[in-house]
Structures are given as structure tokens and as C-alpha cells.
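K.L.:
Listed here are the chains, written in short residue letters.
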Amino acid sequence: MKSLKGSRRAIPFLTLALSLFIVVALGTTQALAAWKPTRPIEFIIMAGKGGGADRIARLMQKIVTQNKWSPQPLVPINKKGGSGAEAMLYLLSKKGNPHVILVTLNSFFTTPALRKLPVNYTKLTPVYRLAMDTFLLWVNTKSGIKNMDDFVKAVKAKKGKWTMGGTGKMQEDQLVTNMLMQAYGLKGMITYVPFRGGGTVAKNLAGGHVDSTVNNPSEGLPHYPGKMRPIAALTPERIPAFKEVPTFKELGQPQLVYFMQRSINAPGGIPKDALNWYTDLFNKLCNSKEWKDYTSKKALNRACLSGAPLGKFFANEDVKHKKLLMGMGLLKN
Amino acid sequence: MQRADRIVAIGLILVSLGVAWKATELPVGILPKEGPGGGFLPFWLSLGIAVVALLVLLQSLFRSGQNGSSMVDSGVFMSREGLGDLLRVGLPGMIMILLIGIISVYFSAALFIFYCLFIVGGHNLKTSVGVSIGVPVVVYYIFEKFLIIPLPKGYAEFLFYWN
Amino acid sequence: MEILGNLFYGLGIALSPQNLLMALFGVVLGVAIGAMPGLGSVNGVAILLPITFAVPPTSAIIFLAAIYYGAMYGGAISSITLNIPGASTAVATTFDGYPLARRGKAADALVTAAVASFIGGTFSIVLFTFFAPPLAEFALRFGPPEEFAVVLLAYATFAGLGGESPLKTLIATMLGLLMSTVGTDIVSGSPRLIFGGITGFYHGINFLVLAIGIYGVGEIFYTLEEGFKTKERYQAKLGVQEIISTLKNLRQCTATIMRGSLLGFFVGMLPAAGATPASFMSYSIAKRFAKNPQEFGKGALEGVAAPECANNAASTGSMLPMLTLGIPGSPTTAVMLGALFVWGLVPGPRLFVENAEFVWGLTGSLYIANTMAVIVAIFAVPIFIWMLRMPMTILAPIILVVCAVGGFSPTQDMFDVYLMFIFGAVGYIFRKLDYPLAPMVLALVLGGLTERTFRQSMIMSHGSPGIFFDFAGHPIAAVLMMVSVVLFVLPLIPMIFRFRVSRAGTSA
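Sequence order for the protein chains is A, B and C.
Mapped onto numbering that gives the first Met the number 0, the consecutive letters of the first sequence carry residue numbers 0 to 332.
Mapped onto numbering that gives the first Met the number 0, the consecutive letters of the second sequence carry residue numbers 0 to 162.
Mapped onto numbering that gives the first Met the number 0, the consecutive letters of the third sequence carry residue numbers 0 to 507.
Keep in mind the hints are simulated off the structure, nothing from the lab.
Please read these numbers as outputs of a predicted model, since none were measured by experiment.
Misleading hints may appear alongside valid ones.
[Stated by the list, open to error] In silico lysine to aspartate or glutamate, EDC-like type, Cα no more than 16 angstroms apart, as pairs:
(1) B:K144 <-> A:E243
(2) A:K296 <-> C:E136
(3) A:K115 <-> A:D317
(4) A:K141 <-> C:E294
(5) A:K160 <-> B:E156
(6) A:K168 <-> B:E143
(7) A:K67 <-> A:D279
(8) A:K145 <-> A:E243
(9) A:K248 <-> A:D317
(10) A:K35 <-> A:D292
(11) A:K248 <-> A:E236
(12) A:K122 <-> A:D317
Chain A extracted, bound-state conformation (with noise of 0.2 angstroms):
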């Protein structure tokens, strides 16, 4: 009985809330003049906490708060699932939101062709690329080895025992593992062993439990020189903090040269006006000195790029990518 009176009692205070909620909501009429955002940016990072991309977000959300470049926040989420497709998928739903980004890695490729999902990046809207990371090929300093000839013998001489560790498996490194064997004609003598972090995956190699690994510079930084030899780049010229070190360029083999893309990209069917703020803030970001600093003591490549251009480079390495897959025979036609 007593709480059908109480019952009785509420309704006038449901009323009352129901329409002060009506009230407020007629009283907002937005005056829409050059784009700004209103609320906070969900800034989607595609892989977990303490990963290579989250750092890069990490990194972005610190520039542009210190500079005070945006009146909202940059709120860095973490949807690391299926490779990448959660974060997709995400911003697949949240067609013309202007208040969410994503920050990509090479998985923006390679998940959506693997997994047939209903999103690649035509779906989304370009904005910007800010850094191309790059790639090394690393082995214990233990084992002695100081080139690739050295590389090449010791991975025979294991007699398909050699191990390469990587991060998680269908991705870059494993990619670039693929790459290097049908260069050097060791199809079928390496064994590549999946890793959760690429910090994890040097550790290993520190340790002495796998083989080699290609590892971005940042991540072998920690083991280095002490543990762990560089003895190729992936790259088309040197990496300047690791003058050193030969390109496979150099050595003979052109064709192996891999980056990772760190690129911003935005929901489709985003306003105009949204994508002119978002390609102007990242346009500050890729030049200011912190970006500047950061690239070059991580010895990433600092790379600026975006509007059309950035479209062609995506629809470029897209079709990179689908032909490293169907190579290794894990992607048909």
C-alpha cells in the first residue's frame, strides 16, 4: 500500500522533469558558423593500452593540449579488439560524427581485406598522415651475426628452426618476416612467432628466446647496443639515428622497403567545414617542434601529407597490402 501512495506522490515531480527537459531542449538553437567542436573528441586508437599507437595518441593528445589548439578535449579510447575491427566498425556507426578520429596503424589495411568486414578506408574520411615508422631487422648480439650474409648462413644452418618474433600474426611484422624470405630464399626456415607488444617482442629477443625480430627503432631503442644488433633498414635511405646501418637497398634489394602509416582518419560524410578544422590542427601538430623532436629521436619518418594526395597514398597501399597477403596465400581474389 505505502508504495502505491508513494508512487501517487511522484508524478508531479515527474512532470516537472519532463518538462524542464522539454524546455531546455527547444531553448538550444545552434548558431553554426566555421566548424568547431562543441564536445569532446573521442580520439579511437585501434590497438590496447601502452602500444606503439597508443603512445603515438598519447603523444598527439599531450602537443595539442600544451598548445591549447582545440576548445575540447581529446578523450583517447582504447578499442583494440579483432585487430582493429572493433575501432573500425565504430567508426563505421558513427557515420557524419564530426567529434570522433581514429589513430591507425597498417591493420587499417590488412584487417578489413582478412576479415571481409563491411568497412575499409573508402568508407571513412582521410585527414591526415603524420609519420611513417620504420623497420629494422634485429638479431642478439650474442649471436655473433653482423651482417646479412651472417643472417642469411645462420638461418640455413638451423635448418627451419631459425624463430622470428613478431607482433600478433597477418600483421606488419609478420608481412615483412614474409618480405624478407622470399628475398633471400628462406621460404618455409623461419618460424614466426606471435607476440603480444612490440616491446615484448624485443624483450624476447634481449632474452635470447627468439631468433631475430623486426622491430621498429623505438622499441629495440631499450636493448640497444647492449642486446640487440640492427643489421638491415627497411627503408629506402638510411635512418639517421642509425647511420650505420646498411638499407636492403643497398644490399641488393629494393623491393624491401615497409612502413608503418600513423595517419588520422574521421568518420564518412563528415562536414566540410570539420574536416578543414581537423586537416588545420593536425597541420600544426606535423610541424611543431615537439613533433619534430619526437620523430627524430625515435628515428620515425616525419610525414605530413593530406587532402587528395593522402587518398591516393591510402588506395596505394591498400593495394600493397592485399598483394602481401594473397603472397602468402592468405587472401584470394
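With chain A held as given, fit chains B and C onto it using these hints.
P.N.:
Chains B and C in isolation, oriented as in the chain A frame:
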């Protein structure tokens, strides 16, 4: 209680067989040179659960004649009053959760807390209104303003951003 | 003593007014965040990272480390008072902390937790200060087979701590493991058990969702049924006298705390393992060594002290590989490592030379933060006791709302909130039917690591399980495996014996 035990055991068998079937999407065997495949662990685990749940079921049926020592064998699963109390808050709790995505976590929480305090708990109007407004306001300031974690706002989103 | 000189240098840095203030601020925030269901130290550190952008890296890492520390203390608070572990590291604290709270001894449990945490933390910091570089070398020797052996050891120490029915314990454990396989198969990269592409399953079942669901929401359901309106939750007293008497009682826990601290430091230091297995192992070892093992699970002070000293020791331990090797020993240090990169620092042996101010400033601040945390945590006890005195009709809806918010914020996905409430119902039914919940949670927390390290090892050995018993190639793994096997078999012997006896009894 015994009946509930059996129902749960049967439920576990059905669910785990379903999961086992789903797990076969990835290789469930041992791959050469690689060890167990991606489906190995989920597949055999769910089969294992089904088998053990069957044992629990048989144990319960086998023991039905005797007086077991544990609470599960005797006693009632839930009293009528207990169920009533549970539903009186549990159901609105569920509604609160479903409303979060529609009218925002703040309004949904305010309504639910008010309902629990005023209607179920019999607290006075002042306390009820105070707590049901106070809690969402505190949550708002901690999460949105200090920690900068946007919480779900559903269709009420425009209320939180004026410009 | 060069190290002592460095330490004083570090303490000097840490005692500068700005750094002192950062440490205090961090500890207070950490305790609050740790006590909030859903926001453990990982999320706390990640979320508050932007605050550090305005200060130099040394102050920033002091702040983050203080949050990490504070959250470890705070996690115990919600475990004890509400039976909701705020982080996986505090699950084991619920086993005895909550029963103590129900008996009106919440204050004793909270004070014990704080003091045990302090001792564990300090112990670990001392080891950290003096032996960081050689210990880093040791940690480097842990690859997948060794990591798998450690995880197995965690299960082994925990075997025999299940419920009354071995069958139901087995089911609960397997269910936890099964849940850990949902999401993405780490080895093949394929989605797994996502049931036709439900996006919410892609990121797997988050530990927090299960823990808040079965403990937090399930507990509310349980209390509702017991009678919502009539009862106050429980009586709790706190005064200076209670604190003093608790401190006196703590002497009985000395051995437990010492064992737990040592164990916590070493397990925490191993990459990948971290504070959660450490706290579970410490709990079960304490039970094995205890004079009164039957008290465990019903409210033994040692049962609170053991996991708490271990998880704090482990949290310091996990900073060691982060600084010296650039690899995280726990999810939280993974985020802190990211911060290091944001500040432009490269971890590794060179950090100790090139950024001595940073390393020793952090080390010095750990001593200070730990001392601050124990004081803050004890001062916070009355606030939580006051909260517990609130009638259930006010407390229950607020807890449900906080659970919903806590389930949402880590992943920003409503699906997790729905899942959490389903787990609440399942947990409630399971508890009534004597299915033990702790093995399920432990299995979910460790499941991913178990499967991953096992399969990585198998790939490394080209499919041969011999890698785990290879005394020449992987001596650490082999020894740990032998210890686990022995620990698994030991509790089985009396069980088989008992089974025979009961069989004989019924047939007669």
C-alpha cells in the same frame, strides 16, 4: 533448490555445447609444428564443462532419495518475499540500464535512485530528491569535468553541450 | 656506497615542494580511484596522464607512481567494504576482507590492508633501490615457457581453495578460462567466439565486467533478497582504540606479510605476470602456512594481509622491468611506459646514466609516496565506515549506478554494462548453488596469459611439449613446472582418500 541445481546443470550443458559448436570455426586440433590451434582451448573446455555439468546433474539425481548434507540438496532456492524484494529493485535496475543509452546515464540514474529511495525505501521527499540529484551531479563532475570520460548521453546529448 | 649516495640524491629531488605536492595529490587521487569500482590503477593512470603534461617528467612520473600506489591501497577499500574488487589485484582481498566487514570488523580489515600494503611496498622499494640492474638481467631470462610455468604455479598454489564441491569448482574454473578465449585469438589473429560478429565481444570479456558483475551486482541482488528495507547492512565501529588494537593483532601476520612481500616483488618483476597472480599466490601460501586454515574465507586477518602486501610489493616490482628493460610488468606500467615515450625518455640501462635525476627522483618518491599512502588510507577509513552505516535502501541504488558507470568507462561500450548485469544474475544464482566464484575470476584474469604463453612456447619448440621440461635449455621453466606438478598432486591425495572413505561409508 535441488530443482534449480538441475536446471542450471542442464543450462550449462546446452550453453557449452553451443559454444563448442561455435568454437569449431577455428582449428580445434593440434596443428603440426605449431601446437594447439585457435579453437582448441574453447572447444575442449566447453566439452569439458558439458561433461562435468552432466556429472553434477547425475549426482543430483542419484542423491535425490537421501538427505544431502549441503544446502543445495535441501532448502528452497528463493522465498516468495525474497523474490518480491528482488524483483521490486532488480527490474527497475534493468530498466535503468536500458535507459542509459536513451536518456543519458544521469537522468536514468536520477530516476532509479529516486524510485528506490522514495517509493521502495520510504525515505522522505527531501532525502530522496537530494540523493537522486546529488549522485548524478557528483558523477558528472568527476567523470565529465575532472577525468574527462564522456559517459553515455543518448538522445539527451544536446543538453550537455550548449554551444 | 654509491647507491646510498644516489638514494639521498633521489630523496632530495622527491622532497622538493613541487614533487612532494605531486606525490600527495597522486596518492589521494589514487586511493579515490582505486576505491571506485571499475576504475583501477590502469585506467587511473591513463586518464590522469594529461594532467602531467604541464610539469617536468620527474614530477610527472612521481605523480603517476603515486596514483599507482594509491590505487593499490584504494582497491582494498572497495573489496573489503562492498565486496567489489576495483581491480584484479584486489580480488583476493575480498575473500576475507568482506567477511570481516560483515562481522563488523571493516575497520580492522582496512587498517590491516593499509599496514600490510605499506610493509610490502617498502620492502619492495628497498630491493628495487639496491638490486635493480641485476634483477633486470634475471627478468630478461623469462620467455614464454618460463612465463607459462609461473602462471601454472599460480593455478597450482590456488588449487584446493575451491568450494565444497570439486565438480562445481572445476566447472567454475573452466567457465572462467572459456570466457578468456572470447574475442581475438592472439596467435592466429582471428576473431573467436564473437557469436556472429557481436562487436562488444571483439575486445573480449573484460575482467572488470565479470568482477563487478558477479561481486558487485550479485551482492546487491543477494542483499535485496535477504530483506531490503528492514536491515542496516552491518555495524561498524572505528576509533583510535580499534586502530591500536588492530595494530597489536597485526603481529600475528608478520610471517605472512614477509612471505607475501618477497613473493610479490619477484612475481611482479616478471614481465607479464604482475600483481594479480602475486596476490592470489600469496593468499594461498598464507593459508597453507596458517595455524588456522579453516578461518580463511570466513574473515582471517592474515587473509587480508597476504594479498595486500603482495600486490603492493608487485606494483613496485613491475616498475623495475619498465625502467630497466622498457617492458611493462603489469598493464599499468604499460601505460606509464607510454608516458615515458611521450616525455621523450628511452628506458633501458642508459636511462640510469643519462637521466639519473628521473630514475633516482622516482625511487626516492616511492618511499615518500608509500608513507603518504598508508596515512591517507587510514584517514580514509572513517569515510568508508560512515558510508557503510548508510541504510541499504540508499546504498544499493547508488552502488548499482556506480557499477554501471564503472563497467562503461574502461571500454566506453554499453555492451559491457549489459554483460555486467547478466553476470550479476548468473553470479547470484551460482553463489546460491555453491558454485565458487573466485576460481572463475582467477581463470579469466590468467586465462589469456596461460593460453598465449603456452602456444608461443609450442611454436618456439615447433610443436614439442618437451620445451617445458628441458632442464638444459629452459632450466627455470623446468624447475617451476616440477614445483607446480607437486603442488597440484599434493591436495589430490587427501581428496582421493576422503572420497574412498565416503564411498565406503555410503555403501556400508
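K.L.:
Name the hints, by number, that the structure is in violation of.
P.N.:
Violated hints (numbers, rising): 1, 2, 4, 5, 6, 9 and 10; every other hint is consistent with the structure.
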